[in-house]
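Asks: These protein sequence lines are chains U and Y, in that order. The opening residue of the first sequence carries number 1 in full-length UniProt numbering; numbering runs sequentially from there. The opening residue of the second sequence carries number 1 in full-length UniProt numbering; numbering runs sequentially from there.
Hint data in this document are derived by calculation from the structure and do not stem from the laboratory. Any given hint might turn out to be false.
[Stated by the list, open to error] The following label-pair restraints were derived from C-beta to C-beta distances:
| no. | chain 1 | residue 1 | chain 2 | residue 2 | range |
| --- | --- | --- | --- | --- | --- |
| 1 | Y | 357 | U | 316 | 56 to 66 Å |
| 2 | Y | 26 | U | 61 | 49 to 59 Å |
| 3 | Y | 310 | U | 329 | 26 to 36 Å |
| 4 | U | 316 | Y | 390 | 48 to 58 Å |
| 5 | U | 329 | Y | 200 | 25 to 35 Å |
| 6 | Y | 397 | U | 189 | 37 to 47 Å |
| 7 | U | 184 | Y | 175 | 20 to 30 Å |
| 8 | U | 328 | Y | 130 | 25 to 35 Å |
[Said to hold, decoys possible] Here are a few chain Y residues that sit away from chain U, every Cβ distance over 10 Å (derived from the structure):
| no. | residue |
| --- | --- |
| 9 | 32 |
| 10 | 71 |
| 11 | 192 |
[Claimed, not checked] Computed cross-link-like contacts, DSSO-like style, restricted to lysine-lysine with a CA-CA straight-line distance of at most 27 Å:
| no. | chain 1 | residue 1 | chain 2 | residue 2 |
| --- | --- | --- | --- | --- |
| 12 | Y | 162 | U | 171 |
| 13 | U | 103 | Y | 162 |
| 14 | U | 162 | Y | 243 |
| 15 | U | 162 | Y | 103 |
| 16 | Y | 171 | U | 162 |
| 17 | U | 52 | U | 238 |
No residue lacks a Cβ here, since even glycine has one placed at the ideal position from N, Cα and C.
Number of protein chains: 2
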Amino acid sequence: MSTYHAFTEAEAIAYARRMPDLFAPDSELTSREIGDGNLNLVFHISEPATGKSIILKQALPYAKVVGESWPLTLDRARIESETLMIQESLCPDLVPHVFAYEKDLALTVMQDLSDHVIMRKGLIEGNRYPLFAQHIARFLANTLFYTSDLGMNQQEKKERVKQFINPELCKITEDLIFDDPYRDADTNNVPAAIRDAVETIWNDRELHLEVAILRNGFLTHAEALLHGDLHTGSIFIKEDSTKVIDPEFAYYGPMGFDIGAVFANLLLNYAAQEGWSRDEQARADYRGYLLGTIKEIWSLFHGEFRSLWSLYGVDRVQQSESYQDWYMQRLLRDTIGYAGCKMVRRVHGLAQVADINQLQDEAAKERAQRLALQIGTSLIKHHRHAQSIDELLDIAIQAVK
Amino acid sequence: MSTYHAFTEAEAIAYARRMPDLFAPDSELTSREIGDGNLNLVFHISEPATGKSIILKQALPYAKVVGESWPLTLDRARIESETLMIQESLCPDLVPHVFAYEKDLALTVMQDLSDHVIMRKGLIEGNRYPLFAQHIARFLANTLFYTSDLGMNQQEKKERVKQFINPELCKITEDLIFDDPYRDADTNNVPAAIRDAVETIWNDRELHLEVAILRNGFLTHAEALLHGDLHTGSIFIKEDSTKVIDPEFAYYGPMGFDIGAVFANLLLNYAAQEGWSRDEQARADYRGYLLGTIKEIWSLFHGEFRSLWSLYGVDRVQQSESYQDWYMQRLLRDTIGYAGCKMVRRVHGLAQVADINQLQDEAAKERAQRLALQIGTSLIKHHRHAQSIDELLDIAIQAVK
Chain U
1 MSTYHAFTEA EAIAYARRMP DLFAPDSELT SREIGDGNLN LVFHISEPAT GKSIILKQAL
61 PYAKVVGESW PLTLDRARIE SETLMIQESL CPDLVPHVFA YEKDLALTVM QDLSDHVIMR
121 KGLIEGNRYP LFAQHIARFL ANTLFYTSDL GMNQQEKKER VKQFINPELC KITEDLIFDD
181 PYRDADTNNV PAAIRDAVET IWNDRELHLE VAILRNGFLT HAEALLHGDL HTGSIFIKED
241 STKVIDPEFA YYGPMGFDIG AVFANLLLNY AAQEGWSRDE QARADYRGYL LGTIKEIWSL
301 FHGEFRSLWS LYGVDRVQQS ESYQDWYMQR LLRDTIGYAG CKMVRRVHGL AQVADINQLQ
361 DEAAKERAQR LALQIGTSLI KHHRHAQSID ELLDIAIQAV K
Chain Y
1 MSTYHAFTEA EAIAYARRMP DLFAPDSELT SREIGDGNLN LVFHISEPAT GKSIILKQAL
61 PYAKVVGESW PLTLDRARIE SETLMIQESL CPDLVPHVFA YEKDLALTVM QDLSDHVIMR
121 KGLIEGNRYP LFAQHIARFL ANTLFYTSDL GMNQQEKKER VKQFINPELC KITEDLIFDD
181 PYRDADTNNV PAAIRDAVET IWNDRELHLE VAILRNGFLT HAEALLHGDL HTGSIFIKED
241 STKVIDPEFA YYGPMGFDIG AVFANLLLNY AAQEGWSRDE QARADYRGYL LGTIKEIWSL
301 FHGEFRSLWS LYGVDRVQQS ESYQDWYMQR LLRDTIGYAG CKMVRRVHGL AQVADINQLQ
361 DEAAKERAQR LALQIGTSLI KHHRHAQSID ELLDIAIQAV K
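Isolated chain U (complex conformation):
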């Protein structure tokens, strides 16, 4: 009965009805499959009589992207549910609650967040989320600090590294973020209008060196349990609530990779402002909001992370101020570098972003793509020299001048 097979809606309902404490055994339930069908089935199960609802998320044994299909481990459902449970223990209000995980079915039963919207969509609609910076800074500070050698027992951390070895999902990142965009790979989707800029990237050896260095960090620096795919499509949001979802790519990696992912996706929207039909002033205002959010996230993250470190650091050797200064500077540099990598791959790599791709005006879309490449490559090239988050902001500001 619990041998793996992809659920039908009827099976999803039957399964949900058996969940104790959620629904009565005879309850009337409805199901709607709301996944995109590329990686997972996502059943929205609700009980109209009470208004109660939950999500059943089931991993599929393959991935479909642009028509291609390849096998993909079901173990990612375990990684995702176990990561969510650790994250919930650290910041309960910032991730969906997991009611149950069933290994054999690669199935996770979790809190329904239908009252939230995907943040990427919210940003495309021009919304502002004044609490987002403090929410995501708290998420990053707590999940990165408390899963690292700074904030947890260092022997238990090694067992966590083992628990979250995630070769197949890491491979996707290693190829699609750190390799394919920098060569003429089959997986790329190069927009014809910007082919010249993309070819410049393929031939830029200075850039390739910096990307190789960042990829080395991704391959070897087991610093903290990362979300691993923290773009604005992995964030559910509404005015007073932020929920980080979908940590299938979780593994022990460099902290800057998660922080950089957030900044990159805010900057991709910043670039996409070229094409949204607002007047100049509205565009400048929204860009100011996006950059202000980045600055606020870094500042709050930095403050909270160091405060956790001072109060709850487990390691005498790492408690000195000079070491913390060194560590935070290195983290800033990683963050800026990974932010750049996360931008570039979204312009001409396999998986692109709606912020830019939805633009109707072709000339504006081209400007947005060039802008994203310019900011992304500048961040990558500058990353090892960075001293302050203001340098990231300056790169973005100079690029639209």
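Starting from the known structure of chain U, fit chain Y onto it as the hints suggest.
Replies: Quick look at chain Y alone, frame taken from chain U:
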């Protein structure tokens, strides 16, 4: 029958007699327990009639150091035997052959190397080993390259990281090498004569920062399958043969830690020359031999590692010359830093070295200890700025001027 219990000599003989292809079932065997009894039982089993012999090494469930005893995982026998088998596949002549490993007994049956001597002893006796540099350079180049993201499938490497998670043994290193020597810890054995120099180390914040940075690398940089304890007591040697033994501390860590361990132990002998009863010229000659060996090891290692990389590198992104230059410079810096850490802990930490401790002349012993601390701390402080192996040699040369 195979439930864990410490073997008697009779049991060791009975076990050996059952090994197929080694001894006949009715063979006359003798056993001699030659371990130091602190961590492992080591039975030397021989058949006088044929001259055949083997080693049975059995891990004990505790460690004894200076009278203290604490529990220690038997899993280290698995780590050791699996590491030896990987190393043998990469450089068959440089490690003992493993005939069998039996998990439940924490028992490894391996090649007898009684015709070799422990290298530390050989150096103390003033011997020279002209083939050592090329042997150990080949060992380092092959074991580090082929277990890293440079030389093996990067997804399989992640499974290897998992296989060699080694929390208990790493904890010993994290404490005894990177923590205790830099504070007034109970585990230290501070020689009274050099207490002033040791206290200077306890108060040197610049030094502490560099040690914390190196410890961070040990905790998080999963670059290659290290031996993890590669001092001259872990090397069996004779004129034409070098065998690296005892990789119980193996885990995925920074490559420079293994290379640095070799250099540190040659430099400890260099410092100990203060007290060996040779004339000035003989002392200077032997020191020249030791430094020449370090230079030759680095040069051969560097050449062989890069040559393997160019020929057998698995990773397009990491094949560029500028990246390889960056990587090798970083590796040199790590090597110099870890060499310094490995020296300092051997002067006033828990586990010291016979090279210095056997010195009879108290004044000479004190000079040797001060010299080792001076070289070690200079290497640590300089490590992030190093450009060439000559800087390590200069630090050693200046220290005896």
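Asks: Which hints from the list above does the structure break, by number from lowest to highest?
Replies: 1, 4, 6, 7, 8, 14
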